[in-house]
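Enquirer: In order, the protein sequences belong to chains A and B.
Its first residue numbered 0, the first sequence is counted upward by one per residue in numbering that gives the first Met the number 0.
Its first residue numbered 0, the second sequence is counted upward by one per residue in numbering that gives the first Met the number 0.
Treat each hint with caution, since some may be false.
Treat identical chains as interchangeable: a pair holds within one or across any two.
Unchecked claim - Derived lysine-lysine pairs resembling DSS-like cross-links, with alpha carbons at most 25 Å apart:
#	residue 1	residue 2
1	K202	K225
2	K165	K48
3	K114	K246
4	K165	K225
5	K114	K142
6	K202	K46
7	K302	K233
8	K46	K239
9	K142	K165
10	K48	K302
11	K200	K165
Rather than coming from a laboratory, the hints here were simulated on the basis of the structure.
Take a look at the letters that make up each chain.
There are 2 protein chains.
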Amino acid sequence: MTALSRKRQGIIPPMPGEFDFISWIRSQQRPSELAQLSSGDDLAILKWKADDLLLVGVDQVLDTVHFDSRVHSPRSIGAKVMNRNLSDCAAMACLPAAAVATVALPRGISMDYAKELYLGMKEAGDIFDCQVVGGDTATWDGKLAMTLSILGRSAGIRPITRGSAKPGDRIYVTGPLGGSSAGRHMTFQPRVHLARELASKYKLTAMIDLSDGLSRDLGHICEESKVGALINAKLLPLHKDIDDVQKSGWRTIDHAVHEGEDYELLFTAPACDHPQVIMIGDIRAEPGIDWIIDSEQTRLEPKGWEHEI
Amino acid sequence: MTALSRKRQGIIPPMPGEFDFISWIRSQQRPSELAQLSSGDDLAILKWKADDLLLVGVDQVLDTVHFDSRVHSPRSIGAKVMNRNLSDCAAMACLPAAAVATVALPRGISMDYAKELYLGMKEAGDIFDCQVVGGDTATWDGKLAMTLSILGRSAGIRPITRGSAKPGDRIYVTGPLGGSSAGRHMTFQPRVHLARELASKYKLTAMIDLSDGLSRDLGHICEESKVGALINAKLLPLHKDIDDVQKSGWRTIDHAVHEGEDYELLFTAPACDHPQVIMIGDIRAEPGIDWIIDSEQTRLEPKGWEHEI
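Pulled out of the complex, with its shape left as it was, chain A reads as follows (with noise of 0.2 Å):
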């Protein structure tokens, strides 16, 4: 665990029992070849295999953002921290290695709150063998909010960034789109052991998982590979929990390519036959997204998601 974060008048405790919250988290780790047991120091020391790249990166979650605590239980919550974390592992088809991880309590939260927290996060990372080893703890006189930072290892299989899709290439998910609102945003299963099939059995060209929501995502691809897409929307698998959460002024279809937090992957590949993939598309050379949706072909725009400064 690196150095906790306290009051800084000095007399203010960071939070009631702390250090005991500490202990029973370093009670619960256990060593691994990556990384020997949590040795309580300032940062935690790992052994990085030569022919492994190293991929870091970090997602938190805010509460009445990403989770609502007022409905969602801790061990959902420590889970969502986790698996947007693994998703993000699964979106370059590498290994998750390691985790660190920050929680900001609201003051007056009891341990068993807390722990439950951790439980989720790390009973979502045992899955995958991605082990928390250091974090830091603090209460406030705000929000919950956690963040974590994860580690992961290419482990002989090249990332698959978002940046090489080619005109000709088709394009792809793993999974039904949509309504995700209805509950599965706090459910899903990072996609993490498919990713690292499709990229060692086909010629993956870009990857991405799907948080911000198909339309923004494909976008994210475009924009990094110079490329543009056809959708054809007939093609879109849609989703069932859509009905649940069908919002006013939008068409069903609209959940699958707007609403977003699917946490399928979206890639690209010249060709891709795996029994568990969707082809929805082509990349094209002429930028932009466009869709054939009730035979028309119009512009499919990222949905009211920015508003200006």
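Once you've looked at the hints, dock chain B against the given chain A.
Expert: Frame of chain A, contents of chain B only:
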């Protein structure tokens, strides 16, 4: 940059102009030996040197806990989150290598303010060639919170942990203590170069940076090393800033041992004659920390930090 955070409902923007902000951040980045130019991907890709141990940790800064956004400039806040982590690198005698960061911005904050936060972080990192290679930005109805995860590399020096202090070792600090809340807690310089020099020239047995205060941080070393300590209060270097913050009921020396956020190094060694360090006591086999003050030897208890849950 990692995938962007956003409102899960999918129709509320993650941050006004967030994609512009991310583009601007990318324009600030430069390629390096370790990290190629940010590819705008889910994770940054680093080539880790085979003979370097990888050290990793994370620290957060929270409004009203680690800084006060009504008082401190955004540039100094960004600098602090980087410097707290650089100080963790110093504590292990490793070289900062790269970082990923998150920011949770109060809704309505200006792009200029967000840029200042980033620039403070970047400038503090640049001093030690530590580039921010990825991050996550979100806006919320909450207070300003930043986190930074740092990667350090051993670069030819065995990391100094907290766990190897031995009875008979002397205890040293690298500068005067106390009074940090007068302002130094926002402006300190992490002791990265000094730590490397000390670790290469002397046989350091344990080291930590003074963030929680001497009484607590020496406690961490004693606990991890399974030893005790005896401090001579007369030897403690007192910072002149204590005069500006003297608390009612606190003696001057209480500030030096309990206030914290000094970010000087506290280390143990059989001997060290470096001109910049001050010997303050000895490690002993008997557990617990005593200090000799006014010719009396009493227990030095961590002062008033932890409450019961």
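Enquirer: Can you give me the call for K302 and K233, within, between, both or neither, at a CA distance of at most 25 Å?
Expert: For K302 and K233, only the intra-copy Cα distance (19 Å) is at most 25 Å; the inter-copy one is 67 Å.
Enquirer: Within a copy, between copies, both or neither: which one fits K114 and K246 at a CA-CA cutoff of 25 Å?
Expert: Neither. Shortest intra-copy (36 Å) and inter-copy (35 Å) distances fail the 25 Å Cα cut-off.
Enquirer: Regarding K46 and K239, is the shortest C-alpha distance of 25 Å or less found within a copy, between copies, in both, or in neither?
Expert: This pair counts as neither: shortest intra-copy Cα distance 45 Å, inter-copy 43 Å.
Enquirer: With identical chains treated as interchangeable, where does the CA-CA distance between K165 and K48 reach 25 Å or less: within a copy, between copies, both, or neither?
Expert: For K165 and K48, the Cα distance exceeds 25 Å both inside one copy (32 Å) and across copies (32 Å).
Enquirer: Checking K165 and K225: alpha-carbon separation at most 25 Å within a copy, between copies, both or neither?
Expert: Close inside one copy (9 Å), not across copies (60 Å); limit 25 Å.
Enquirer: With 25 Å as the alpha-carbon cut-off, assign the pair K202 and K46 to within, between, both or neither.
Expert: Between copies, since 23 Å is at most 25 Å while 31 Å is not.
Enquirer: At most 25 Å between CA atoms: does that hold for K142 and K165 within a copy, between copies, both, or neither?
Expert: neither (44 Å within a copy, 43 Å between copies)
Enquirer: How would you classify K114 and K142 at a CA-CA limit of 25 Å: within, between, both, or neither?
Expert: both (17 Å within a copy, 24 Å between copies)
Enquirer: How would you classify K202 and K225 at a CA-CA limit of 25 Å: within, between, both, or neither?
Expert: within (19 Å within a copy, 54 Å between copies)
Enquirer: With 25 Å as the alpha-carbon cut-off, assign the pair K200 and K165 to within, between, both or neither.
Expert: Within one copy only: 19 Å inside, 55 Å across.
Enquirer: Please work out whether the CA atoms of K48 and K302 approach to 25 Å or closer within one copy, between two copies, in both situations, or in neither?
Expert: neither (43 Å within a copy, 43 Å between copies)
Checked against the numbered hints listed earlier, the structure breaks hints 2, 3, 8, 9, 10; every other hint is satisfied.
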